[in-house]
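Combine both chains into one complex, guided by the hints.
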Amino acid sequence: MPFVARHRAILLAYLGMIGLLLLTSLFSPGFLALAHLRSMSVLAAFIGIVALGQTFVILGGGIDLSVPWVLNSSAVLLTLISNGQDGPLGWAMPLILACGGAIGAINGLGIALFGVPPIIMTLAVNVILQGGILVYTGGAPTAGAPPLIQYLAVGRIGEFPVVLIIWAVLAGAASLALSKTAFGRHLYAVGTSPTVAAYSGVPTAQTTVLAYVTCGLTAALAGMLLTGYSGQAYLGMGDPYLFTSIAAVAIGGASVLGGSGHYIGTIAGAFVLTILTGLLPALNLSNGALLIVYGVVILVTVSLASEAFPELGRALRRLAVRRPGRPRNMAEAIKTPAGNREDMP
Amino acid sequence: MDLIQATAVHKRFGGITALNGADFVARSGEVHALLGENGAGKSTFIQILAGAIRADAGSILLKGKPFAPASPSQAQAAGVSAVFQELSLVPDLTVAQNIWFRREPLSALRTVRPKALRQDTQALLDRYHFPRLAADLEVRRLTLAERQVVEIAKALARSPAALILDEATSALAPRETEWLLTLSRDLAQAGMLVVFISHRLAEVRRVADRITVFRNGATVAVHDTREVTDDELIAEMLGRRLDRLYPERVATATQKLALKVRGLSAGHRLAGVDLDLAEGEVLGIAGLQGHGQRELFQSLFGVTRARGRVELWGKAVALRGPRQTLGGEFGLALVPEDRRNQGLLLSKSLRENLTLSVIPRFARFGIIDAAREKALVEEMVQFLRIRASSPEQLAGTLSGGNQQKVIFGKMLLTQSRILLLYDPTRGVDVGTKGEIFQLMRDLAAKGYAILFYSSDLLELVHVADRVAVMRNGRIAAILAGDRVTEHHILRAAMFESAAA
Ligand SMILES: Nc1ncnc2c1ncn2[C@@H]1O[C@H](COP(=O)(O)OP(=O)(O)O)[C@@H](O)[C@H]1O
Ligand SMILES: [Mg+2]
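As you go down the protein sequences, you meet chains V and X in turn.
Taken in order, the first sequence gives residues 46 to 390; the numbers are from my numbering.
Taken in order, the second sequence gives residues 766 to 1265; the numbers are from my numbering.
Excised from the complex, chain X in its bound form (with noise of 0.2 Å):
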């Protein structure tokens, strides 16, 4: 029988239309996946079926019972149990006390018992053959994607008869991903439902039974996944057919160089990076998980420190800080790895977002000046073709892809030639990312020059005009014309012989 039955969800917030009329059948024992561009309303769809908001209309019926949860507590109460796509853990209460936030095991005065808890935390962590975590470490002190496991042992810890996955896998790296969709089976055989979002085809088409495709907010098309393709399922996500993912690559790289890094060091984690970026030119940054990749864009936006010498367009610069190097023609500007915590101010509107680092040039005697600035804005949400209801649409509020245009438009207004691009298709859309690839072969034709890491090899493969493979905080390889490939940046990041 089918454990979820919605039929013509509605939800509107405000002036937008998230859900219109959204359909979504699922039984126990299989992988679900739901597909849909940035804004499709997946995560409003799955924040209805955990409770954390309530439907406008529409039906939702759970074991073939009337299901309307008014909480996440009574959904888990149900049985049915989510990973939402914004984190939600406590940072200063440890790894297992997350995972039994307020289902603590008590003693007879009702004090937390800390040796069942961490019983039963290794009991829950040993049973789904969890990545190595320490149970008594800070969630604080975890990256991104130990967070994101994190949140996982959590929903887990509830047994659901149902388990919502929201883009977990954009945040972890490809060993926590793999792991992820082997669970996903083993729970869909051991009976469960799983429910799993992700823009990534190539993981939904080995994970998921079946394919649910939402497109502004309703369902176009439900399918097995053996019995459809890649283009069609792109097709019915994007409404058109989708020519080309990635552009067509002319070399545009200059003989000038914009910057040139000899000896950068941080810490244990970089030991060394020397690197020439052209103007014109996309380099790829490739390498493992942990090797260095993010310490060397932190330390060239200067918001670690770093030794070494460094030189933007043919001077030498010392990096102190984002004032220092953002902005100005010879600046460098970045698009972070942790959209929600680094790029965006959530509770603020689209239009502050946008102009945040560049705001004191429109201030005239001090006064800014609001119409140029309105102007600004409405010029950059029409060329970087940001979705939202007005520029006074909260950051929060927008979807991903949408989040992360807007991340894009500040780094440009900046004026930054120089421009460091750190895994910036993480959760984006198949549209939005052939967009963000156009957009940053366009860029390279002007003259910016591109530092671009990406978790994704095909991305740098198909986007970049030579990768540097990082490999123990060092330039293990750097790969240019048809050594290119996935092939050779995997055994360049894996084995020292490698090295070109």
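Chain V extracted, bound-state conformation (with noise of 0.2 Å):
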């Protein structure tokens, strides 16, 4: 079946990524050079391996905004308990990676079993660990990395990164289980209708668990990744991430809403991000400035790529038009998904 046909956003995502790359080679000559494409896949692969798990959740039906702080707490962890050495790493990256998928499965459970709203669950778990981290390290910076990390994230087996070759795994392994598994099936027919999809027998809570477990356990690895790129852990390290993983998801052509997008369209718009991030500070702003220009250019992207935007463009029309009648006509309401909403007692 025409892969490419079902996902029309994934390759609008892929020529967007091309397009970007080309025009800033225009701009800044050197930019296709082998190294700097080496350095920029590699900032790429930390925002791909988050947003994998963000894709996971996203595709559900969900969101997890406890992201940045799964991923410094086992930034922090690592750091505590290797205290620069690579001895106890053998334990101490299973026990971490344990610990992201535990609160991954916290986040599920809550939001799956008790109904809370996947925001305020994932927000709260968040601020939660960000407290807890806060205590424990009394703001002070800790340990710097241990040698393997550090060669994980920034070493390279001939000319190719290691980090690009754990993402190629894992961006592997997570098509397969998208596409090829009874898990994928579930988590699209979760994301699409959590009603028929109770209704047809899919382990919806199970599912739903899985998807936030496996969002846990990439924001940690992409954790111990980061430490071993800086060198060390620090406070507010996964802050940009959040934003980062969530827009990824909708660059690379999937719907906020759930139930659409693939993780190949997710690895486009990590590289998308990753371009744009190194086209800004060309423009030699400030950095309160730069951070502006960020936001609005993320903003127009994901509005551009994904299937958000004919919902935004459908906002805008309504604010500019007072009376334009139904919002939704039937076509409409079978070619989004939002056809498919939820609205039973």
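What the hints contain is simulated information worked out from the structure, not anything from laboratory work.
Computed from a prediction, not measured in an experiment: that's the story for all the values here.
Mixed in with the good hints, there may be bad ones.
[To be verified] Just a sample of chain X residues kept apart from chain V, beta carbon distances all over 10 Å, derived:
id	residue
1	D996
2	E1117
3	F1148
[Unchecked claim] Derived coverage of chain X by chain V (criterion: at least 3 residues anywhere in the stretch with Cβ under 8 Å from a Cβ of chain V; other residues may be distant):
id	stretch
4	1106 to 1113
5	1129 to 1141
Yeah, the Cβ is synthetic: ideal placement off N, Cα and C, and Gly gets one too.
Set out below in structure tokens:
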């Protein structure tokens, strides 16, 4: 079955990525140089890894706002346990991943079993973790990253960055899980309509929990790798990844309402974000101005790329014209996943 | 003069031809029925009239002038209001807010005037003698039938010259249907054009002055209602004569009990139901709207919590939800009431919908065997004669009858041998209805046990072996043999004294 025909938004994301690359290389020669592409890919890998779990969660109709401090906690935990030594990593890394997964499970259980809205649940968990880490460290920076972790984050095998290999393996596994496993089918079903999924015997709670567990795992992994990348753990290191992980998913063509999209698109989304980030410093703006521009650019990109576009477009038109009549006709209702939204009592 | 005059309208969706030269002429002051099998292009045609989609070719005149609305609001401004088959209400807004959506009475500060909103709503509801509706209730709390009524109110609030009702009665209970038929006649009397789409010929006969028949996207006939017989209409819709709608009923029930229910209760709607369903039996469930039929099916399927004793194939079970009840030889499968919100993922393909309940079965070492899935899907598509351009066609773009077949296929794939069918022919055309009844009898003959609710008593009379009549959340009577008649069912449904 033609993957591309069914995922036009994903194709668009890739076209956008290539266009952006070419455009940038016009302005800054040397942009397409191997060394530069390589360092950019490494940055994209960090976004891509965090966005992997976020993709699962969003496809399932949720959102995970606890990513920043799951990431940060795992970084802090890693430096605390290892104290800069490789020795304890053998048990420390699995332990930290397990912690990330456990946090994800808590998120998922709260949402699937107790009906807490995803935004509230994950935001609360994020704040709790942040508080916990602040209390624990007293705000002081911790020890440095062990050499092995640094190798994973910045090392190379031949010409190839290790972290890229890790990302590629994860991307393959994620794509397989989405396209070829029962879990993937169930996830799309839950994201499209929880009621239909439940009536069809889909294990909805289990599926939701698994998506959040994945998100906890990838955030924890990214936390460790980022510690290696910057040589240390510091407070606030996860903060940028909230926005970027969600934006990568949206730019990658997934519906922010759940039910449609793919990790393959998110990969392009991660690259688009990285290229944009690399582009902006060339504008010679102050840090604050840079953030503003960054925010606006992402907003525009997401609106253009994601399926949120028709809705945003409609919202804008609605503001502009007072009485355009029915907002959603049948044809639209069929086309957008919103046509299958929950509205039964 | 003719109000609407459409000639040679064409519309394609990708590779699917929905309209292939449809003609339609209707005048003010008449009720004009549009008939045709599922997929004949009726909804597509009225969506073009109502501005929801554009025609590829053809001409449409409204009051003699070219008419090509680019949006529903343009069509409404020109006097054409439609109630679409897919409801379009905003669940979180109240009935009144939905009816006047974006046309609310405004104050000088452009805020909504709640009192005026309520008054306008009440005036509208009174004027057309609407069934009781609480204007302040949120739409999410309404039943399917009530939502349909709100849609009709919304369309009428625009004071149209032409009101189009696309299978509006399919979601209505008998009493509301009665109201709508009367209302349609009154509106026509007052000079409005009412375009009426329904699969129920009896309704059409009572309400319509004229009938246009579509087949495969083209107009095949136009009649004065009084001058055509049902058989002629059916033959025109199908393109062939339908020998018989109802299959021969051969008693296939065995002594073996498939389902035994004792004292099943849930909330105040289900007050202790006792039932026995045998292998090979079709047991009809009847009753006036709201006497516990829905709750019975939902409790058995496990989506509503209930108390009581349930045995499947002689083994006591706790009904803990579709996850436990669905599938396997000893399970239950359900065709739910609301196809679009409970039965199908509209934005996913026919294939994904068909296999959703059983997808883990296709996995080998966790990976889905796509070839096996495809083979089984194709087999099921052929077996049920599902009409689709390919297994990849989105379920939401299938016609109603084919959507229902997909749900049947999904249920059959689970291999459950106890089937719960809740009004499975609602909004399904005669041809497909016949196929569904035949399928039910065939399955019964193979040893399936079927619990069958229908809002159409005739279906129960002709297809079920026995009929259990519900009243006030209990089984009021169980009718068998020659007591399975409309008369007996209605008596049992309405009067205490008729208990068998
Ligand atoms: N948005 C769409 N995309 C693809 N096919 C469609 C779409 N809408 C309708 N169709 C197809 O067009 C045909 C006519 O459908 P429809 O007008 O809904 O029939 P009816 O209302 O008479 O049952 C059907 O074969 C249906 O599958
Ligand atoms: Mg239709």
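Violated hints - listed by number, lowest first
Checked against the structure, the only hint that fails is number 2, while the rest are satisfied.
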